[in-house]
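This is what each chain is made of:
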Amino acid sequence: MDDLYRELIVERYKNPYYRGNLDPHDFSFEDENPLCGDQLRIDVRLDDQNRIVDARFSGHGCAISQASADLLLESVIGKDLDEVKKIGKQDILELLGIELGPVRLKCALLGLKVLKAGAYGLGESRDEWSEDPD
Amino acid sequence: MTDKLEIKQIKDEFPILQREIRPGIPIIYLDSTATSQKPYAVMQAMDEYYKKSNANIHRGIHFLAEESTAMYEKAREKISSFIHAKSVREVIFTRNTTESINLVAYSWGRKNLNAGDRIILTEMEHHSNLVPWHILAEEKGVILEFIPVTEDGLLDMMVYEQLLRHSPKLVSFSQMSNVLGTIAPAKSMIEMAHQSGALVLVDAAQSVPHFFVDVQDLDADFLAFSGHKMLGPTGIGVLYGKSKILEAMPPFLGGGDMIKKVYLSSFTPNEIPYKFEAGTPAIAEVIGLGVAVDFLNKIGMDEIAAHEFSLTEYAMQKMIGLKGIHILGPTDLELKGGVVSFALDYVHPHDVAQILDMDGIAVRAGHHCAMPLHQRFNLPATTRASFYIYNEKDDIDRLVLGLAKVEKMFG
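Listed in order, the protein sequences are those of chains P and B.
My numbering puts the first residue of the first sequence at 1, with every later residue one more than the last.
My numbering puts the first residue of the second sequence at 1, with every later residue one more than the last.
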């Protein structure tokens with residue numbers, strides 16, 4: 001359990017690389033985890049090939065949700081939107097390097113849910129996007 | 001247990017508190033506001049009931065049915081005298097506080113309230129004393145008004161007085177906040193409401209388990225509480241109501257036990273309290289709650305209140321100086337029950353709860369079913385430690401040690 005707060009997570013929570021806003025941006029999406037009130041917004045800038053050239057997150061939440069969003073954005077710079085749509089739960093857990101129970105998993109996957117909602121260009125996020133693709 | 005129980009011996013009565021949740025890590029349970037732990041006596045009583053006496057109640061002729069009925073009704077008597085009701089007929093068994101409040105909203109509210117009628121609530125209510133009224137407001141056009149909570153977690157009585165001038169039909173408030181610990185001045189609030197012609201419902205989910213509540217002295221019209229927060233099982237709650245009011249109310253759920261006669265095209269409802277107890281009730285749970293009341297009586301409610309006061313005082317002393325801490329609720333501890341909800345400005349409540357869990361300390365993190373109250377204090381969530389009869393100062397020392405760990409990691 002102590003691993004949950006491994007140095008990487010605490011460090012990226014305290015000093016995130018990708019916190020902030022992007023203006024202008026190509027898309028932006030905001031959502032919350034109603035269970036705990038965590039709230040997250042992600043702004044994304046694309047090149048003409050639909051590749052992510054920059055991304056930023058803002059909002060508030062626990063160390064797991066914030067560090068997870070920061071690590072996620074770091075990992076998607078340079079990827080195109082089709083690749084983003086293929087990211088799943090397991091990818092996030094690998095980024096974090098920890099195992100999580102069902103409650104904290106929701107925290108960890110909030111960033112992915114928000115990013116995918118933006119990538120799909122829909123007005124809402126869906127829980128199934130945080131599942132692994134078939 | 002015929003002798004008076006000493007607080008120190010009490011912990012031994014709770015098997016779950018003997019448990020190590022991980023090797024070498026005993027459980028430190030500081031989440032009794034959510035649900036209390038259960039003593040052996042309660043579990044044994046329920047177990048015995050199923051082993052020896054189980055039968056459906058009220059209409060049976062056979063031995064077991066009579067015995068079960070007597071046990072069920074005996075528990076009602078115990079609970080009735082525990083809250084000092086005038087009559088056992090005024091004690092209705094429900095599933096929990098939530099269902100009790102819904103019963104009043106559904107039955108009394110739908111019959112007696114019309115568009116433009118006003119209901120006064122407070123900003124510190126649990127969702128269970130908000131949403132039933134939201135539903136009624138939407139359906140009937142009833143107006144909901146709220147007594148604000150001051151910065152130090154007290155109800156603003158000046159505003160209450162002003163709201164009462166508009167002749168509300170009902171005032172419904174929590175006698176003790178599950179987040180702030182604020183103990184509302186229930187008796188004077190009820191008196192003021194009655195002078196304005198309003199009835200009063202008291203949400204006693206957090207008060208009845210922790211100090212003596214006398215429904216006649218309060219002059220409450222309705223009072224709701226849950227068994228599971230007072231050492232009893234889940235699935236059983238109580239609605240107290242003055243008999244005259246209950247008698248004039250239409251039934252809530254329809255079915256067996258709540259009827260006198262049934263014809264193909266109609267029915268006549270049973271007397272109270274049975275009118276509001278449709279279907280086979282939670283018999284074992286009622287019996288378990290009766291034994292929980294015995295257990296509390298053996299310790300003494302005044303003793304329990306004093307014990308929790310000393311724990312709260314100790315916790316406040318130890319925690320008030322912690323780095324970046326904001327403790328919600330009254331600073332005058334005479335007005336505060338055994339609940340300490342707090343925010344640390346450098347870390348999220350979920351992370352606090354998770355780190356404390358590593359040391360076996362069970363606290364709650366979130367909005368504690370009081371989102372409007374958290375919005376009032378501009379906090380998305382808080383961490384909450386709450387105390388009951390089985391907690392000791394050592395539990396608080398461990399909590400403070402755990403918080404030092406949180407500070408080391410995140411501060």
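Hints listed in this document are in silico derivations from the structure and should not be mistaken for laboratory results.
Heads up, some of the hints might be wrong.
Result set (EDC-like, lysine to aspartate or glutamate): computed pairs, CA atoms no more than 16 angstroms apart in a straight line [to be verified]: (1) P:LYS14 to B:ASP345; (2) P:LYS79 to P:ASP48; (3) B:LYS187 to B:ASP217; (4) B:LYS408 to P:ASP48; (5) B:LYS260 to B:ASP214; (6) B:LYS405 to P:ASP48; (7) B:LYS393 to B:GLU407; (8) P:LYS14 to B:GLU271; (9) B:LYS405 to P:ASP3; (10) B:LYS408 to P:ASP31.
Output the indices of the hints that this structure fails to meet, ascending. Numbers 4, 5, 6, 7, 8, 10 - these are the hints that the structure violates, sorted from lowest upward.
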